Amino acid sequence: MGAIERWLDGTFSGNGFLYDPKCGGLVTEQCSTNRCGDFGFGVNNDLHYHVGYFVYGISMLAKLDLAWGIEYKP
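When we follow UniProt numbering, the leftmost residue of the sequence shown carries the number 1, and every step to the right adds one.
Since the hints were made in silico from the structure, they are not lab data.
For clarity, every value in this text was computed on a predicted model and none was experimentally measured.
Any given hint might turn out to be false.
As the list claims (entries may be wrong) - EDC-like, lysine to aspartate or glutamate: derived pairs with alpha carbons at most 20 Å apart: (1) K22 to D46; (2) K73 to D9; (3) K63 to E5; (4) K22 to D38; (5) K73 to E5.
As the list claims (entries may be wrong) - Ranges between beta-carbon positions, derived for each pair: (6) A67 to C23: 32 to 40 Å; (7) L66 to C36: 34 to 42 Å; (8) F39 to D65: 25 to 33 Å; (9) S32 to A67: 27 to 35 Å; (10) Y53 to S32: 17 to 25 Å.
Glycine residues also receive a C-beta, built at the ideal position from the N, C-alpha and C atoms.
Based on the provided sequences and hints, a complete structural model is requested.
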């Protein structure tokens, strides 16, 4: 299993993504205890940049490997 699949499957044991009901958005595990961790990700600082890297990478993988894209299609 590649690195990105662990993020998508929710099995990444590092600093994975979580839903934060306080702000109604995405944070990292580190930011769940330290709002200013990960360069302010927990307070939505540059969220579009941080998440954008993942979205772009995932979209390129789906374009290059159609079977992979179908497996992880929402």
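So, going through the hints one by one against the coordinates:
no., hint, verdict
1, K22 to D46, "holds, 18 Å"
2, K73 to D9, "holds, 12 Å"
3, K63 to E5, "holds, 15 Å"
4, K22 to D38, "holds, 18 Å"
5, K73 to E5, "holds, 12 Å"
6, A67 to C23: 32 to 40 Å, "holds, 35 Å"
7, L66 to C36: 34 to 42 Å, "holds, 40 Å"
8, F39 to D65: 25 to 33 Å, "holds, 31 Å"
9, S32 to A67: 27 to 35 Å, "holds, 34 Å"
10, Y53 to S32: 17 to 25 Å, "holds, 20 Å"
In terms of the numbered hints stated before, the structure departs from none.
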